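Participant: Kindly produce the complete structure, drawing on both the sequences and the hints.
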Amino acid sequence: MTPPAAPGEAPERVHAEDPAHALPPESGGTERSGRRSGRVVLDDEAIRRALKRIAHEIVESADGTDHLYLVAIPNGGVPLGRLLVDNLESLTGARPPLGILDTTLYRDDLSTRGSRPLLRRTEMPSSVDGRVVVLVEDVVNTGRTIRAGMDALMDFGRPSHVRVVALVDRGHRELPIKIDYVGKNIPTQPGDKVVFRAPLSAEGEPAVADQDGDGPTRVGTLELSVLEADGEEGGGR
Amino acid sequence: MSRLIVRNGRLLDPSQDLDLEAGQAELLIEDGRIATLATGGDAIPTDGAEVVDAEGAWIAPGLIDVHTHLREPGQEYKEDLASGGTAAVAGGFTQVACMANTDPVNDDPSVTKYILDRAEKESPAKVRVIAAATRGLRGEVMTEMMALREAGAVAFSDDGAVIMDSGVMRRVLEYSKMADAPVIVHAEDCTLRGGGVVNEGPVATRLGLPGNPAAAEEIMVARDVRLASLTGAHVHVAHVSTAGAVHMIRKAREAGIRVTAEVTPHHLTLTDEATMGFDTNTRVAPPLRSRTDVDALRAALADGVIDVIATDHAPHASHEKEVEFTEAPPGMIGLETAVAVCLELVREGTLSPLELVRRLSTEGARILGLEGGSLREGAPGDVALIDPGREWTYDPAQGFSKSRNSPWSGETFTGRVKATIVDGRLVYDFDRGVLIR
Amino acid sequence: MIGRDILGIEDLSREDIETILETAERMQEIGNREVKKVPTLRGRTHINLFFEPSTRTQTSFEIAGKRLAADVVNFSVSSSSVTKKETLLDTAKTLDAMDPDVVVVRHKVAGVPHRLAEVLEAPVINAGDGAHEHPSQALLDMLTVREQKGRIEGLTVTIIGDIAHSRVARSNIYGFRKLGAEVRVAGPPTMLPAEIEQLGVKAYTNLREAIEGADVVMALRIQMERLEGACFPSVREYAATFGLDRARLRYAKEDAIVMHPGPVNRGVELAHELADHRPSVILDQVRNGVALRMALLYLVAGRGGR
Numbered sequence: 001m002t003p004p005a006a007p008g009e010a011p012e013r014v015h016a017e018d019p020a021h022a023l024p025p026e027s028g029g030t031e032r033s034g035r036r037s038g039r040v041v042l043d044d045e046a047i048r049r050a051l052k053r054i055a056h057e058i059v060e061s062a063d064g065t066d067h068l069y070l071v072a073i074p075n076g077g078v079p080l081g082r083l084l085v086d087n088l089e090s091l092t093g094a095r096p097p098l099g100i101l102d103t104t105l106y107r108d109d110l111s112t113r114g115s116r117p118l119l120r121r122t123e124m125p126s127s128v129d130g131r132v133v134v135l136v137e138d139v140v141n142t143g144r145t146i147r148a149g150m151d152a153l154m155d156f157g158r159p160s161h162v163r164v165v166a167l168v169d170r171g172h173r174e175l176p177i178k179i180d181y182v183g184k185n186i187p188t189q190p191g192d193k194v195v196f197r198a199p200l201s202a203e204g205e206p207a208v209a210d211q212d213g214d215g216p217t218r219v220g221t222l223e224l225s226v227l228e229a230d231g232e233e234g235g236g237r
Numbered sequence: 238m239s240r241l242i243v244r245n246g247r248l249l250d251p252s253q254d255l256d257l258e259a260g261q262a263e264l265l266i267e268d269g270r271i272a273t274l275a276t277g278g279d280a281i282p283t284d285g286a287e288v289v290d291a292e293g294a295w296i297a298p299g300l301i302d303v304h305t306h307l308r309e310p311g312q313e314y315k316e317d318l319a320s321g322g323t324a325a326v327a328g329g330f331t332q333v334a335c336m337a338n339t340d341p342v343n344d345d346p347s348v349t350k351y352i353l354d355r356a357e358k359e360s361p362a363k364v365r366v367i368a369a370a371t372r373g374l375r376g377e378v379m380t381e382m383m384a385l386r387e388a389g390a391v392a393f394s395d396d397g398a399v400i401m402d403s404g405v406m407r408r409v410l411e412y413s414k415m416a417d418a419p420v421i422v423h424a425e426d427c428t429l430r431g432g433g434v435v436n437e438g439p440v441a442t443r444l445g446l447p448g449n450p451a452a453a454e455e456i457m458v459a460r461d462v463r464l465a466s467l468t469g470a471h472v473h474v475a476h477v478s479t480a481g482a483v484h485m486i487r488k489a490r491e492a493g494i495r496v497t498a499e500v501t502p503h504h505l506t507l508t509d510e511a512t513m514g515f516d517t518n519t520r521v522a523p524p525l526r527s528r529t530d531v532d533a534l535r536a537a538l539a540d541g542v543i544d545v546i547a548t549d550h551a552p553h554a555s556h557e558k559e560v561e562f563t564e565a566p567p568g569m570i571g572l573e574t575a576v577a578v579c580l581e582l583v584r585e586g587t588l589s590p591l592e593l594v595r596r597l598s599t600e601g602a603r604i605l606g607l608e609g610g611s612l613r614e615g616a617p618g619d620v621a622l623i624d625p626g627r628e629w630t631y632d633p634a635q636g637f638s639k640s641r642n643s644p645w646s647g648e649t650f651t652g653r654v655k656a657t658i659v660d661g662r663l664v665y666d667f668d669r670g671v672l673i674r
Numbered sequence: 675m676i677g678r679d680i681l682g683i684e685d686l687s688r689e690d691i692e693t694i695l696e697t698a699e700r701m702q703e704i705g706n707r708e709v710k711k712v713p714t715l716r717g718r719t720h721i722n723l724f725f726e727p728s729t730r731t732q733t734s735f736e737i738a739g740k741r742l743a744a745d746v747v748n749f750s751v752s753s754s755s756v757t758k759k760e761t762l763l764d765t766a767k768t769l770d771a772m773d774p775d776v777v778v779v780r781h782k783v784a785g786v787p788h789r790l791a792e793v794l795e796a797p798v799i800n801a802g803d804g805a806h807e808h809p810s811q812a813l814l815d816m817l818t819v820r821e822q823k824g825r826i827e828g829l830t831v832t833i834i835g836d837i838a839h840s841r842v843a844r845s846n847i848y849g850f851r852k853l854g855a856e857v858r859v860a861g862p863p864t865m866l867p868a869e870i871e872q873l874g875v876k877a878y879t880n881l882r883e884a885i886e887g888a889d890v891v892m893a894l895r896i897q898m899e900r901l902e903g904a905c906f907p908s909v910r911e912y913a914a915t916f917g918l919d920r921a922r923l924r925y926a927k928e929d930a931i932v933m934h935p936g937p938v939n940r941g942v943e944l945a946h947e948l949a950d951h952r953p954s955v956i957l958d959q960v961r962n963g964v965a966l967r968m969a970l971l972y973l974v975a976g977r978g979g980r
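Protein chains in written order, with our numbering: chain C, 1 to 237; chain V, 238 to 674; chain U, 675 to 980.
Hints in this document: simulated from the structure, not taken from any laboratory. What you are looking at is a predicted structure, and each value in this text was computed from that prediction instead of being measured. Think of the CB as a built atom: it goes at the ideal place given N, C-alpha and C, for glycine as much as any other residue. No false leads were slipped in.
Partial chain U-side listing against chain C, Cβ under 10 Å, derived:
| # | residue |
| --- | --- |
| 1 | Met675 |
| 2 | Thr693 |
| 3 | Glu696 |
| 4 | Glu699 |
| 5 | Arg700 |
| 6 | Met701 |
| 7 | Ile704 |
| 8 | Arg707 |
| 9 | Glu708 |
| 10 | Lys711 |
| 11 | Val712 |
| 12 | Pro713 |
| 13 | Ala969 |
| 14 | Leu973 |
| 15 | Val974 |
| 16 | Ala975 |
Dumping the calculated DMTMM-like pairs for lysine to aspartate or glutamate here, alpha-carbon to alpha-carbon at most 25 Å:
| # | chain 1 | residue 1 | chain 2 | residue 2 |
| --- | --- | --- | --- | --- |
| 17 | U | Lys759 | V | Glu557 |
| 18 | U | Lys823 | U | Glu699 |
| 19 | U | Lys759 | V | Glu313 |
| 20 | U | Lys711 | C | Asp155 |
| 21 | V | Lys639 | V | Asp516 |
| 22 | V | Lys488 | V | Asp426 |
| 23 | U | Lys759 | V | Glu564 |
| 24 | U | Lys767 | V | Asp632 |
| 25 | U | Lys710 | C | Asp108 |
| 26 | U | Lys758 | V | Glu564 |
| 27 | U | Lys782 | U | Glu899 |
Facilitator: What follows is the structure, encoded as structure tokens:
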């Protein structure tokens with residue numbers, strides 16, 4: 001399914017639902033032994049186009065972009081966030097800061113799990129006070145991760161507004177969370193898995209968006225895989 | 238006239254070097270003494286006698302434990318003569334010698350008499366008394382050994398404490414010759430032991446617990462052996478635990494010095510590794526030692542340098558043991574498990590069945606000058622039936638001792654005592670699950 | 675790891691240690707925030723059961739628990755169970771009846787956390803038991819070394835002091851060795867435990883040889899009571915033979931770091947100049963202690979994970 005890496009490219013690796021980086025196996029957040037049939041719902045091209053469009057939408061709806069602060073939710077949101085920041089800079093000339101905010105410690109399901117998920121890096125270079133914080137996530141499903149992200153933001157300060165960018169909206173909301181800017185709406189079954197695959201750097205971090213200022217060769221692909229067996233979806237999005 | 242016949246078992250009598258297959262020998266006990274030992278397949282006419290069928294088990298002289306703590310008077314919450322005596326017969330012991338570290342200390346004929354009177358009424362096993370060697374076990378002034386002998390004491394010991402002053406020890410040994418009784422020594426240099434609670438070595442280092450070096454025992458054994466030589470007294474070394482001590486005792490024997498020695502079932506089968514996990518039931522004095530020490534003890538037992546197996550049965554209440562390792566009093570119970578634990582030595586070839594019985598019975602009688610340890614005609618009618626194949630699981634809560642401090646709780650053993658006869662009366666039968674008075 | 679007892683480094687695998695250190699690295703960031711709190715252990719009960727007084731470790735665990743929004747309860751028990759006439763078993767059962775989610779225990783006798791862990795449903799974290807182990811200290815030491823040196827594999831770590839009576843030494847020996855460092859111990863012969871080489875370390879009674887080429891030099895606190903006249907004749911002689919100062923430190927690597935679990939006996943284990951400035955990383959150790967303890971609490975707190 002996955003195309004071979006072109007020369008000079010970082011090897012392809014799943015990170016959104018990668019066992020080494022995301023959820024431990026027993027959470028059900030990884031591929032199991034069930035038969036999978038998958039299809040690509042957004043390829044690299046499509047993702048880039050979507051992010052370009054979203055950048056335009058942000059610029060249009062924002063009251064100037066001076067107060068923007070993009071905060072990506074790892075792992076998936078990070079390469080997307082970086083690309084968005086690039087796009088916003090080309091559109092407005094100003095480059096909004098990019099923070100990375102791991103929401104794991106704010107999850108509402110920690111006590112129901114068998115083990116504690118591994119934590120990811122948080123880096124918030126700027127204060128959120130008075131800013132228009134735009135959370136960037138790859139796939140939003142139940143809305144719980146965004147809710148956790150908002151709880152975390154409140155502990156960092158008082159944003160003036162909080163908006164949400166999602167590359168994909170799967171739509172099975174369990175909380176009243178709305179997406180302000182969406183790449184694509186994809187209808188799915190609860191048992192389906194939607195996986196964002198992006199290249200990773202040698203340290204396993206999402207690849208740096210700016211390589212020679214041209215962005216990465218590939219952002220990634222968004223794949224829909226349908227699990228035939230009793231696929232347990234862990235970590236509601 | 239009461240008559241009891243024991244038949245259908247493998248008869249082991251170390252006093253006569255007899256090891257006869259099941260069916261080859263029968264015993265008749267009349268009025269508390271062995272009247273006939275019939276061999277060669279002759280059957281003794283029953284004539285209304287009570288018959289005990291050994292069902293293939295070993296028929297051995299009643300076992301003798303030369304080192305126990307029965308805690309009466311003064312610490313009856315841990316054990317008393319009734320419960321201790323019952324635990325004894327459940328372990329096949331028809332005679333047990335009890336140490337003097339009671340409360341009050343048994344350093345006076347009145348206490349000795351008290352114990353013997355009480356035991357007569359309360360204990361199904363016959364109790365022999367070891368009186369203190371020094372007043373109050375303080376290691377300073379010797380006790381009235383002649384009066385204590387007269388009251389019934391069979392030996393002297395400060396076990397529970399140590400006579401550190403060599404001058405005092407020398408005089409104690411000299412005097413004991415007149416009293417014609419062995420002095421049993423707990424050989425341990427307290428100043429070297431310090432606060433040590435486990436054998437000094439890699440295990441103590443890993444556990445972070447203070448260590449008790451083998452040298453602490455070796456130094457005192459060396460001293461007491463020299464003093465035995467100097468005085469000509471009979472020194473019996475209690476609970477030997479180190480290869481170094483074994484070596485010195487062997488040399489002493491070769492030189493004709495009157496030294497005897499005992500070893501416990503736990504020192505024969507457990508190493509200091511058993512302490513990993515901090516179970517206070519493995520805290521014992523002297524401590525469990527290394528593999529090398531255990532191997533040396535087994536070899537010494539096999540070749541007779543160590544004469545006898547003694548349990549050092551040391552009951553302690555649960556609330557005393559369920560504390561920090563360094564606060565827990567040392568000691569474990571052992572009367573009910575001794576045979577089961579020691580059968581391992583037979584299974585792996587260290588001892589033959591006859592030798593095991595010798596070390597659990599005959600030698601004990603010899604060292605303390607007691608009747609028993611024999612199935613000769615005229616010997617006391619004390620018999621232990623041992624079934625070497627019987628599987629059973631040990632639960633100290635179901636045992637007869639009042640205390641439960643054993644490292645073998647929950648252990649499944651192969652082999653145990655099946656029945657015990659004291660002075661011609663069947664006082665214990667495992668299958669009937671009750672004690673018969 | 676939920677519900678798992680952390681009784682010693684000896685029982686932790688290399689993977690376990692790596693997981694804990696990585697989690698601690700993430701926790702460090704929280705200490706840099708305005709609101710130094712996350713809701714992760716909200717509503718959980720964290721009991722500190724300290725039989726031996728210890729301001730540093732207890733406070734560190736308390737701050738760690740509070741930063742994770744746990745309800746932290748401190749029990750300071752000043753005497754042994756014998757003095758209190760309450761067995762360890764009863765103490766454990768009483769605690770268990772309060773449904774804690776994690777119990778942190780310190781005691782001056784080795785093995786107490788293990789006995790409590792046998793009875794308690796909640797996970798037990800050993801905050802130091804006698805001379806046996808002090809896992810959170812060793813873990814924060816490893817975290818600090820990783821932070822300073824980028825790795826632990828291949829480094830040479832020398833631990834100086836009363837090794838025989840030190841739980842910090844033992845835990846660090848196990849930990850650093852599991853992560854691939856070479857460990858040396860140094861001290862007077864009276865303070866080196868029996869057969870310490872069996873733990874895979876080289877033992878020295880000469881300070882210079884012990885720290886020659888070392889990347890990390892860790893000085894342990896000397897307990898004065900044990901020192902005077904017993905294991906060592908005087909403080910003066912100890913300082914002269916094993917005390918660290920800039921001159922002696924030159925035998926170690928140029929970029930060697932100096933560590934100490936604290937509190938420092940100035941002028942004894944470390945000269946004044948070393949206690950306060952680089953290359954000493956003592957304050958980093960303290961700072962990392964909170965993050966490390968947050969990591970432990972995060973990973974194991976919770977009943978019913980056993």
